[in-house]
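Q: Start from the sequences, fold in the hints, and give me the full structure.
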Amino acid sequence: MLLPAVFFIVVGLFMFRMLRRMDGGSMSFGKSGAKMYVQAQTGKTFADVAGQDEAKEALVEIVDFLHNPGKYAAIGATLPKGALLVGPPGTGKTLLAKAIAGEADVPFFSISGSEFVEMFVGMGAAKVRDLFKQAGAKAPCIVFIDEIDTIGKKRDGLIGTGANDEREQTLNQLLAEMDGFDGKKGVVILGATNRAETLDKALLRPGRFDRRINVELPDLRGREAILKVHAKKIKEGDAVDYTAIARATPGASGAELANIINEAALRAVRHGRSAIAQADLEESIEVILAGQQRKNAVLTPREKRIVAHHEIGHALVAAKQPGSPPVHKITIIPRTSGALGYIMQVDEEEYFLMSREQGLAKITTLMGGRAAEELIIGSITTGAANDIETATKLARAMVSRYGMSDAFGMVALEMVTNQYLGGDTALTCSNETAARIDAEVIGLVGECHKKALSILRENREKLRELADLLYEKETMSGEEFLRVVDGGR
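The numbering used here applies: residue 66 is where the sequence shown begins, and numbers increase by one.
Quick caveat, the hints were computed from the structure, so don't treat them as lab data. The beta-carbon is built from N, C-alpha and C at its ideal position, and this holds for glycine as well. Any given hint could be a false lead.
Have a look at the derived ranges for each label pair, beta carbon to beta carbon [unchecked claim]:
#1 Ala202 to Asp244: 13 to 21 Å
#2 Lys293 to Asp230: 47 to 55 Å
#3 Tyr416 to Gly135: 44 to 52 Å
#4 Gly135 to Arg335: 52 to 60 Å
Straight-line distance between alpha carbons at most 16 Å, and here's what the computed EDC-like set of lysine to aspartate or glutamate pairs gives [as the list claims (entries may be wrong)]:
#5 Lys458 to Glu505
#6 Lys218 to Glu262
#7 Lys369 to Glu539
#8 Lys297 to Glu328
#9 Lys458 to Asp489
#10 Lys385 to Glu422
#11 Lys219 to Asp265
#12 Lys203 to Asp230
#13 Lys297 to Glu539
#14 Lys293 to Glu328
#15 Lys527 to Glu505
#16 Lys516 to Glu438
#17 Lys515 to Glu414
#18 Lys293 to Asp303
#19 Lys266 to Glu281
#20 Lys203 to Asp214
#21 Lys458 to Glu523
#22 Lys369 to Glu438
#23 Lys527 to Asp503
#24 Lys136 to Glu126
A: Next up, the structure:
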């Protein structure tokens, strides 16, 4: 009678021991699983971070405190307990955290917010306690929690069960641990998120995350500096102009710029060269923006001619409007993103403000492709789908958020709900007002479409001549385009 009981006890003990050996499993019983690095292992300093000068300046004081705590203790100052790094994906928030640890030469604990989420209630809170216990033993040190919005979301105040209770218990434990830490010990909590608007207010109050540091997309100088940092690892040929590449990539993050350098190096290898050239960098921009060339996509002669007129329509409307960025390149080579052709406009300077005139000029340029189809082909195609979507989005923002409509004036009728992840918006008005907004947007886009048609009618012969040239060459530079527009090939 005892044998079955003994058998089940032995099997249970065996399985229990096996589960405990599984790192990061659900039976780890409160072990945080945080990865700890020292300076030699991270190998990152502020020299490795480019294009984020303001963010680095805000973090230098934390490094100085970890180096010279006595200087601050003498005057009675305490180290900020936490700093929250906020910005779009790929801007270098994790890299900044590692650079702080490298500069300060202190232990660096790194953990993702999702690692606190457990299937058993109470396990996440236990992991938080274990993490802060380890940090206290290694002080001074830095604790970095990536994607902190996973456990730091706002509490809704409703009584729930299951995973919701687990998340709130984890958050409550994190708040308690941050309150319990002595700022003079030199334990700094760094958090990173691209959804700061979803964080609980209790987490953001002074005494917890004292500082909010914005890590934004780099400007022109920042993009050039980032390109040069990543270019140190590769061999480059003569006459590589990183300023021109930086101008052609407005809105690119640090991760995207690093990918551009890597794609250029891969292209150089494919073509049998030992160093990258300017052409490799320019092509890599197109790969990142529009995808690889679809060499197996063969357009019929009629489709190819329609696409040629469509793209020249965009370019010609852009060239005939004051203040529109100059055309840098026109191509009708299909790409893996689905684009059958596109034009690239590169401005000489970088602007942070957009006037109403610039907004209307951009919508008019977007309408140029469809207008060229109507004028020359006598029909319309689906090729303008993305143009219409982009123009509608811009026109709606001008009406409902930018105060650029006479019908509504300076009233915000729409708000951005997700600034760094797609810029989703939500209307803040009645259904009647929403209908009026729709009518205003339709009228605004319609006026720009009429203007594009008018410009192309006045330049019909240039449109035909340029489309024929693009049909033959498939790719045209901005200089070639302007020579024809100005009177000769």
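Q: Of the hints stated earlier, which fail here?
A: 12, 13, 15, 17, 19, 20, 21, 23
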